[in-house]
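*Asks:* The lines below spell out each chain.
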Amino acid sequence: MEPRLHKASTISRRRFIQTAAAAAAGVTGSLAAPAAGVAWDGGDEHRMAVVPPKPIPGGPTLPSGLQIHGWQPGDPTVTLPFSHSTLKGFDLDPSTITDFRGFSALAYHAGTATGSDGATYDLETHMTVLQGSYIGSDGTRRFGTFSFI
Amino acid sequence: MDLFDPGSGSQVHDINGGILSSGLFWTLPLDDDALRVSRDGRSAVLDVEELQVIESFRLFAPTNTPGTLSYHIEWQATGAFVDRGKDATVAPTDPAAFLASFAVARSTAEFDVSEFGFSFTSNADVSSDRGFAEMGRERNGAFLT
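Sequence lines, in order, name chains Y and E.
Going by our numbering, the residue at position 56 of the first sequence is 56; the numbering climbs one at a time, nothing skipped.
Throughout, our numbering is defined as the position within the second sequence, counted from one, plus 1000.
Think of the hints as simulated: they come from the structure by calculation, not from any bench.
Positions of the beta carbon are idealized from the N, C-alpha and C atoms, including for glycine.
Check before you lean on any hint, since a few could be wrong.
[To be verified] If you want the footprint, here are the derived chain E segments under chain Y, 3+ residues with CB under 8 Å: (1) 1011-1018; (2) 1108-1118; (3) 1130-1140.
Only chain Y is shown next, with the shape it has when bound in the complex (with noise of 0.2 Å):
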């Protein structure tokens, strides 16, 4: 039986963010150490935290190092209308974790949006959501929720 997410895992995904954030803004210490975002953070009601899945293998590397472990899969004849990036071609994945197995959805909107300083802005995404079985980072098989942002 695999277990599944804590239900009541607002504050667990808060200091997973947390632990994201701090690794992106290159925070060392325990702060970005990887078994950060999934230790207890000392609340009593949410002692189960989610236990990150691993990143897909694959992804373009930048320039500056940095390696996308993603794709941009869909139809190679549309190109985004805002960030004019063309997609890549139906035969990439789509899942940005990896040991995965389960329903999986993709939407690259565009639109616009009305911020708060009245302002009218164009808008576009790359949404995904996975569901399903993972092997989590600690090797156990887990079945989970998840969304790329």
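Using the hints provided, position chain E relative to the given structure of chain Y.
*Replies:* Chain E only, in chain Y's frame:
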């Protein structure tokens, strides 16, 4: 999710899920009940409330600030399910190192973002009509063997 200034075309906001030290890229966990999929797999609805995200302002910019994102996305398949991917006969780093049954879809969405000093709400015109959407089931990595 990106916002662009319609006058200059420049990107002015970049909402993303951050990068873990493992390399996990812009991917965040959700509650399982955030996603509802129809029995035939041809429609899905995703509802997420106040997910903690990062605002980078521009793609891979060094300046970050925290924010929250709420969103509602709907997918409706518009085509037949077709096989995608090339299984484990290609290298694990190959973009086709997966197997899937995907259908092209249409997607509509609503987004609300709030951060210190700024917020925005998507308008009713947001859809995949000028983009692309697909949905289905897939497997990769250890689940290919």
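*Asks:* Would you mind marking each hint as holding or not holding in the structure?
*Replies:* Right, here's what the structure says about each hint:
Only residues whose C-beta sits within less than 8 Å of a C-beta in chain Y count toward coverage, and the stretch 1011-1018 of chain E has 7 of them, enough to reach three; the restraint holds. Check result for the stretch 1108-1118 of chain E against chain Y: holds, 4 residues qualifying (beta carbon to beta carbon below 8 Å, three or more required). By the rule of at least three residues with a Cβ nearer than 8 Å to a Cβ of chain Y, the coverage given for the stretch 1130-1140 of chain E holds, with 11 such residues.
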